[in-house]
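Undergrad: Now for the letters of each chain:
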Amino acid sequence: MAQMTLVQAINHALAHEMERDDRVVVLGEDVGLNGGVFRVTEGLQKRFGPERVADTPLAESGIMGTAIGLAMAGMRPVPEIQFEGFLGPAYDQLVNHAARYRTRSRGAVTIPLTVRVPVGGGIHAPELHSDSPEAIYAHHPGLKVVMPSTPYDAKGLLLSAIRDPDPVVFFEPKRVYRSFREDVPEDDYTIPIGQAKVVAEGTDVTVVTWGAPVFQCLAAMDELPEDASIELIDLRTIYPIDVETIVESVRKTGRCVVVHEAPKTAGLGAEIATLIQEHCFLHLEAPVQRCTGFDTVMPYYKLELDYLPESPRIQKAIEECLAY
Amino acid sequence: MPRKVVYEARVEYVQILDEEGRLDAKLAAGTLTDEQVAFLYEQMVICRQYDEVAFKLQRSGRMGTYPQNKGQEAAALGSGFAAKKGADFLVPCYRENAALFLHGLPMEHILLHWMGDERGNQIPEGVNVTPISIPIGTQMLHATGIAWAYKIRREPRCVITYFGDGATSEGDFHEAANFASTLQVPCIFFCQNNQWAISVPRETQTASETIAQKALAYGMPTVQVDGNDLFAVYKETRDALERARSGGGPSFIEAVTYRLGDHTTADDARRYRDPEEVAAWQQKDPMIRTRRYLENKGLWDDDRQRAAEERAKAIVQEVVRAAEGIEKPTTDDIFNFTFAELPAEIVRQRDTLRTSSIGQDRTHPDVASRTGASTR
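The listed protein sequences derive, respectively, from chains F and E.
Heads up: the first sequence runs through residues 1 to 324, numbered per the numbering used here.
Heads up: the second sequence runs through residues 1 to 376, numbered per the numbering used here.
A hint or two may mislead.
[To be verified] Calculated cross-link-like contacts (lysine-lysine; reagent style DSBU-like; alpha-carbon spacing at most 35 angstroms):
1) F:K302 x E:K56
2) E:K313 x E:K297
3) E:K151 x F:K302
4) E:K26 x E:K284
5) F:K46 x E:K297
6) E:K313 x E:K284
7) E:K313 x E:K56
8) E:K85 x E:K56
9) E:K84 x E:K56
10) E:K85 x F:K302
11) F:K252 x F:K197
12) E:K151 x F:K46
13) E:K85 x E:K151
14) E:K4 x E:K313
15) E:K284 x E:K297
16) E:K84 x E:K26
17) E:K284 x E:K84
18) F:K302 x E:K328
[Stated by the list, open to error] Label-pair distances were calculated between CB atoms; the ranges are:
19) F:M72 x E:Q122: 43 to 53 angstroms
20) E:E8 x F:P240: 53 to 63 angstroms
21) F:H139 x E:E203: 35 to 45 angstroms
22) E:V5 x F:A108: 41 to 51 angstroms
23) F:P240 x E:F339: 28 to 38 angstroms
24) E:T331 x F:H139: 27 to 37 angstroms
25) F:Q3 x E:K56: 27 to 37 angstroms
26) E:N178 x F:A108: 29 to 39 angstroms
27) F:F180 x E:R270: 54 to 64 angstroms
[What the hints assert, rightly or not] Cβ-to-Cβ under 8 angstroms is the rule here; a few derived chain E residues that face chain F:
28) T33
29) P135
30) E345
31) S357
I should point out that these hints are in silico values taken from the structure, not numbers from a laboratory.
Owing to the predicted nature of the structure, the values given are computational and were not obtained by experimental measurement.
Glycine included, each C-beta is placed from N, C-alpha and C at the ideal position.
Whole structure, please, built from the sequences with the hints as guidance.
TA: Spelled out as structure tokens, the structure:
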């Protein structure tokens with residue numbers, strides 16, 4: 001067992017799977033010699049060679065489109081898109097091709113690719129380096145969407161993603177990349193896609209979140225009175241969503257706050273609130289509360305902490321929900 | 001059926017001022033006057049100083065990520081100087097600071113941008129440049145569209161769009177080149193081939209012998225120039241602009257230069273670049289040869305250099321003061337520019353930012369009585 005950051009755990013998981021399965025190839029901008037701009041793929045090219053860890057031309061559509069071809073031909077590609085803001089050019093390939101191939105070929109062609117994408121704000125990054133587009137991809141049938149918040153979960157989920165027979169969008173919250181270390185077993189283990197995690201058990205209110213805001217929620221909980229019993233759920237997988245864990249919790253607490261960095265309108269919070277309304281209507285003591293980014297363009301970093309759901313705002317949301 | 005050649009390609013390389021500061025007088029005829037060269041050299045001194053100070057601001061935590069421009073000043077200035085300030089339009093990437101300043105962009109704007117302040121993108125009225133572009137290669141299509149509008153309205157104006165070697169791998173580049181050429185719009189595609197797209201060298205980026213030849217596939221006049229040579233850059237850009245202005249359509253210029261710094265302050269090029277390569281390019285620094293040229297003509301000396309550096313320091317110090325002196329934008333600024341007319345939900349989020357967790361209107365008596373939230 002070694003102490004690893006999120007970056008190290010993902011790097012370790014990639015190496016582990018490349019060692020185990022020679023169909024796994026990594027491709028993207030600066031992923032080889034430079035080890036990725038966040039060093040997530042550091043050392044992999046040296047270890048596995050430039051054929052399996054390829055520095056591609058600067059072309060996101062090219063990266064995604066050729067990954068589809070690699071997958072069709074029996075490889076297990078793990079393309080990297082350098083920042084979520086650069087998914088744009090790859091969008092067509094991902095949603096119109098990777099996501100649809102199984103359906104349109106009636107199962108004859110499948111696309112087992114895992115696209116890794118650093119995501120989210122809070123690191124003083126430049127424009128188009130801080131967005132949270134997970135809801136967009138969750139909305140596209142045929143894609144699985146994952147966002148771990150801890151090194152342990154990242155390894156287990158990445159191994160599941162690479163072994164999954166369908167395309168997976170694997171979002172990595174930048175803000176967590178180097179924020180802490182935890183024990184990550186070097187053995188093989190997986191965490192099933194579609195399984196949320198109850199981070200803290202409680203009885204008064206359920207807080208549902210994923211990615212970096214998990215830690216903002218924990219900070220908010222520390223500030224709340226001790227007699228407020230809060231259940232915190234880290235969704236881990238955005239799609240397929242773990243309805244059961246959410247429903248079980250909200251039936252118990254009767255109250256729910258959903259926290260995400262992405263804009264409020266048509267964000268995942270809307271889906272979760274509706275699921276709760278469908279499954280827990282008679283258990284609800286308060287409207288489901290959303291604490292999210294605003295319906296605006298993600299601001300440059302001088303204002304990013306005013307935009308993101310930081311712990312004081314989450315605290316207020318929980319208080320509002322509890323007071324209702 | 002016979003087998004015959006249906007297309008033959010040729011790309012010229014132009015150098016007028018070599019690394020030693022020697023000028024090809026024949027090619028230089030009718031290009032830059034000594035006075036203009038001295039003026040542009042002084043701009044180089046200012047921009048180099050700006051670049052060094054920006055780097056230090058990042059290192060000392062006073063600014064976010066910054067992409068140094070150093071080594072590419074001749075490419076920016078030679079091309080920018082050829083364009084008509086106030087008439088032609090520049091559509092940049094992020095390594096053309098010198099050209100933007102030449103066209104009237106206040107110098108603190110670029111610092112503000114990298115300080116995470118969107119007011120750095122608020123281009124003053126009458127300055128014909130777009131804000132610097134972060135995603136790679138997307139701006140060339142906008143440049144083509146602007147040039148298209150000029151053509152439709154029969155305005156004698158041109159556009160220069162800047163991008164790097166890496167950007168020519170993006171699909172948008174090929175679409176822009178194809179549109180510009182088929183529509184015959186007055187747009188100059190100015191590629192700053194600085195040899196590196198972060199860690200990916202030019203040879204890995206494309207199997208083409210030159211970047212310039214890519215334009216041939218779109219039927220566009222093209223040329224490769226020594227990008228560290230003020231004269232060659234100026235001459236070829238001026239000629240391309242003249243051609244465009246007289247209805248000759250777009251042109252492509254590949255300026256062969258070098259990124260002397262890291263990709264950005266978040267990068268460490270020592271991880272992937274041979275120090276000998278960097279050292280060799282340092283000798284080709286555009287500032288060295290331009291200064292040599294002026295010295296050989298008796299137009300420059302150590303005293304003038306010192307004086308220019310002092311002026312540059314004072315200018316940049318003032319710019320930093322302006323950029324750092326500006327008050328933090330208010331949270332209203334997050335919302336106010338989303339639309340010309342804000343939808344009610346955005347107004348609600350903006351106006352109740354401090355009283356509710358997500359800007360809900362909690363003032364309805366039924367809700368207020370249950371939560372007390374409106375009084376908080």
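Undergrad: Taking the hints in turn, state whether each one holds.
TA: Now for the hints, and whether the structure bears them out:
no.	hint	result
1	F:K302 x E:K56	19 angstroms, holds
2	E:K313 x E:K297	26 angstroms, holds
3	E:K151 x F:K302	40 angstroms, violated
4	E:K26 x E:K284	22 angstroms, holds
5	F:K46 x E:K297	52 angstroms, violated
6	E:K313 x E:K284	24 angstroms, holds
7	E:K313 x E:K56	14 angstroms, holds
8	E:K85 x E:K56	31 angstroms, holds
9	E:K84 x E:K56	33 angstroms, holds
10	E:K85 x F:K302	32 angstroms, holds
11	F:K252 x F:K197	16 angstroms, holds
12	E:K151 x F:K46	52 angstroms, violated
13	E:K85 x E:K151	19 angstroms, holds
14	E:K4 x E:K313	62 angstroms, violated
15	E:K284 x E:K297	20 angstroms, holds
16	E:K84 x E:K26	25 angstroms, holds
17	E:K284 x E:K84	28 angstroms, holds
18	F:K302 x E:K328	7 angstroms, holds
19	F:M72 x E:Q122: 43 to 53 angstroms	47 angstroms, holds
20	E:E8 x F:P240: 53 to 63 angstroms	57 angstroms, holds
21	F:H139 x E:E203: 35 to 45 angstroms	40 angstroms, holds
22	E:V5 x F:A108: 41 to 51 angstroms	44 angstroms, holds
23	F:P240 x E:F339: 28 to 38 angstroms	34 angstroms, holds
24	E:T331 x F:H139: 27 to 37 angstroms	29 angstroms, holds
25	F:Q3 x E:K56: 27 to 37 angstroms	35 angstroms, holds
26	E:N178 x F:A108: 29 to 39 angstroms	35 angstroms, holds
27	F:F180 x E:R270: 54 to 64 angstroms	28 angstroms, violated
28	T33	39 angstroms, violated
29	P135	6 angstroms, holds
30	E345	6 angstroms, holds
31	S357	3 angstroms, holds
The structure shown violates the earlier hints numbered 3, 5, 12, 14, 27, 28.
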